[in-house]
Amino acid sequence: MKKKCELCDSPAKMYCDSDRASLCWDCDARVHSANFLVAKHMRTLLCRVCQSLTPWSGSGPKLSPTVSGTLRLTMWNVKTVVLGFDK
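Heads up: the sequence shown runs through residues 1 to 87, numbered per the UniProt record's numbering.
FYI, nobody ran anything at the bench for these hints, they're computed from the structure.
A couple of the hints might just be wrong.
[Unchecked claim] The calculated DSS-like cross-link candidates involving lysine-lysine, where the alpha carbons are at most 27 Å apart (straight line), are:
#1 Lys3 / Lys40
#2 Lys3 / Lys62
#3 Lys40 / Lys62
#4 Lys62 / Lys4
#5 Lys4 / Lys40
#6 Lys62 / Lys2
The structure displayed is predicted, hence computed values, not measured ones.
Please model the complete structure; the sequences and the hints are all you need to start from.
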């Protein structure tokens, strides 16, 4: 089951560990542009396929939408692709 945004029930795109919340792009921007302290929260991009945490993270009042996915190559070999670049 896909994670939903804690505030609006849209599909979650980001996870904020400080808030312990999964958020969509719009709610993330609204919450983290409230003041300079919450803008410092590090947020982690969720995989668009399985919604697990990806290696991509950032902070700031508004993070730009991006895409990340996890390709399952074999049962024991997982490769993460962020913005089309192998990591």
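Verification of the supplied hints:
| no. | hint | verdict |
| --- | --- | --- |
| 1 | Lys3 / Lys40 | 24 Å, holds |
| 2 | Lys3 / Lys62 | 21 Å, holds |
| 3 | Lys40 / Lys62 | 11 Å, holds |
| 4 | Lys62 / Lys4 | 19 Å, holds |
| 5 | Lys4 / Lys40 | 23 Å, holds |
| 6 | Lys62 / Lys2 | 23 Å, holds |
Every hint, counting from the list given before, is met by this structure.
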